[in-house]
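Asks: Sequence:
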Amino acid sequence: MSGAEAQDVATPLVLLHGVGQAPMAWEDVVVPLYGSRRILTPWVPGLRPTETQLLGLSDAAAALDQQLMLEGLQQVDLCGVSYGAMVATRLAADFPERVRRLVLVAGQVRPPRLAMRAQSAALRLVPAARLADAGVSKERLLQALEVTRSADLTQALERVQAQTLVLVGAKDKVNQPGSRALADGIPSARLRIVEGAGHALNEEAPRALVELLRDFLDD
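Convert by adding 237 to the 1-based position in the sequence shown; the result is the number in our numbering.
Simulated from the structure, these hints should not be mistaken for laboratory data. We put the CB at the ideal spot given by N, CA and C, even for glycine. Keep in mind that a hint or two might mislead.
FRET-style restraints, in silico, Cβ to Cβ [stated by the list, open to error]:
(1) K408 to L307: 34 to 44 angstroms
(2) G433 to L307: 35 to 45 angstroms
(3) Q312 to G433: 16 to 26 angstroms
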């Protein structure tokens with residue numbers, strides 16, 4: 238089968254970045270997968286620096302669902318990192334017919350507030366210009382962290398129908414409890430701890446993530 242034929246057959250893959258990242262954070266994942274399927278790396282709704290309004294998880298999921306409809310996509314495979322994983326979880330719960338398979342990297346159900354406050358405090362010390370160079374708005378990041386602190390996906394998990402793979406780095410101690418809660422709460426989920434990896438697998442361990450995606454999505 239040619240690359241074009243494989244791309245037509247395979248379910249499109251949507252990759253959602255985390256807070257502090259931009260869509261380009263997926264570059265080292267997209268390149269090895271190029272030609273195997275259609276791949277989209279949109280801005281997570283509400284996080285684009287030019288947007289004037291930050292969205293809660295439900296509104297962000299609804300906005301992403303609308304984007305998928307405009308792209309003509311009836312069903313996708315969906316992978317999100319950190320905050321992107323939370324939006325992905327909400328979309329899979331609110332629009333279960335839209336998601337065939339779900340991959341959640343360093344996700345949370347109810348983010349630990351102490352850790353979120355520490356993250357906000359650290360972010361305030363980072364020069365805005367440094368973040369802007371990466372295409373990220375410091376003000377928008379701080380707002381997103383506030384939204385994340387109050388998020389609770391507990392009641393949504395049982396509504397997720399997609400086959401789900403939950404991933405977390407062995408070094409990412411903060412997000413391991415949340416990842417276990419996701420795997421326990423989603424009916425068709427399994428947990429995989431990625432040895433030697435930290436938080437953002439798409440940037441820190443892209444080769445490992447690519448292999449995990451291939452095995453899970455093509456199974």
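Asks: Which earlier hints can't be squared with this structure?
Replies: 3
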